[in-house]
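Enquirer: In this note's numbering, the protein residues as written are 219 to 434.
I should point out that these hints are in silico values taken from the structure, not numbers from a laboratory. Do not rely on the hints blindly, as some may be mistaken.
As the list claims (entries may be wrong) - With a straight-line cut-off of 30 Å between C-alpha atoms, the simulated DSSO-like cross-links for lysine-lysine are:
id, residue 1, residue 2
1, Lys260, Lys234
2, Lys260, Lys238
3, Lys240, Lys273
4, Lys398, Lys426
5, Lys255, Lys240
6, Lys367, Lys397
7, Lys238, Lys340
8, Lys255, Lys426
9, Lys367, Lys340
10, Lys340, Lys426
11, Lys255, Lys309
12, Lys255, Lys238
13, Lys273, Lys398
14, Lys340, Lys255
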Amino acid sequence: MKSKEVKTLTIGQRIKEERKRKGFSQEFVANAIGSTKQAIYKYESGIVTNIPTDKISIMADLFGVTPAYLMGWQTEIEPPLPANVRPVTTKRFPLLGEIACGEPIYASEDHESYIDASADIKADFCLTAKGDSMIGARIHNGDVVFIRKQPIVENGEIAAVVIDNEATLKRWYFYPEQKKLILNPENPTFAPLVYIGEELDTVICLGKAVCFMSNL
Numbered sequence: 219m220k221s222k223e224v225k226t227l228t229i230g231q232r233i234k235e236e237r238k239r240k241g242f243s244q245e246f247v248a249n250a251i252g253s254t255k256q257a258i259y260k261y262e263s264g265i266v267t268n269i270p271t272d273k274i275s276i277m278a279d280l281f282g283v284t285p286a287y288l289m290g291w292q293t294e295i296e297p298p299l300p301a302n303v304r305p306v307t308t309k310r311f312p313l314l315g316e317i318a319c320g321e322p323i324y325a326s327e328d329h330e331s332y333i334d335a336s337a338d339i340k341a342d343f344c345l346t347a348k349g350d351s352m353i354g355a356r357i358h359n360g361d362v363v364f365i366r367k368q369p370i371v372e373n374g375e376i377a378a379v380v381i382d383n384e385a386t387l388k389r390w391y392f393y394p395e396q397k398k399l400i401l402n403p404e405n406p407t408f409a410p411l412v413y414i415g416e417e418l419d420t421v422i423c424l425g426k427a428v429c430f431m432s433n434l
């Protein structure tokens with residue numbers, strides 16, 4: 219394979235060239251590294267040159283090159299992977315804090331914390347489970363639960379719910395005709411949480427649990 223000379227290219231030009239070579243949009247790359255489309259534009263245009271090393275590493279994996287190649291320290295692109303092999307791509311998900319599986323615990327929005335997981339996960343953020351009230355759904359203490367933002371979920375689905383500024387993870391059952399919400403645990407030693415009438419005003423659905431990552 220003929221080597222590709224990149225000595226004259228800036229890091230932004232290399233990022234743009236490799237992104238286009240892979241057919242990725244700026245938005246796709248931004249999502250993969252936990253950033254914004256505007257940030258990718260600034261990288262590629264040279265407005266921002268001091269790019270964090272962790273983002274360079276993720277982009278290199280995404281493009282199938284090495285960080286050294288993007289930085290200009292390596293002047294050849296390594297041979298492509300075989301057709302039946304693909305690189306694992308990751309995405310950074312904001313970790314909003316702990317979510318209770320038992321007694322609700324305040325979920326602080328600490329956007330300085332992130333979890334790197336598969337880019338295939340269709341979620342907006344993740345939370346760390348606390349307690350054992352959801353073990354029947356195979357969600358254990360310390361597991362990371364990925365949440366897709368939505369104001370309501372289907373009955374029987376697991377939702378992240380905020381109640382009086384505290385968060386909990388439970389199976390959702392809402393009956394609008396009765397103005398009644400039941401949040402069921404997945405552990406018979408815990409009682410369901412029931413909210414009726416005006417009590418519903420204290421409950422906010424953060425979104426649907428779509429995936430979890432276990433330490434077990």
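Enquirer: Taking the numbered hints from earlier one at a time, note which ones the structure violates and give those numbers from smallest to largest.
Expert: Hint 13 contradicted; others consistent.
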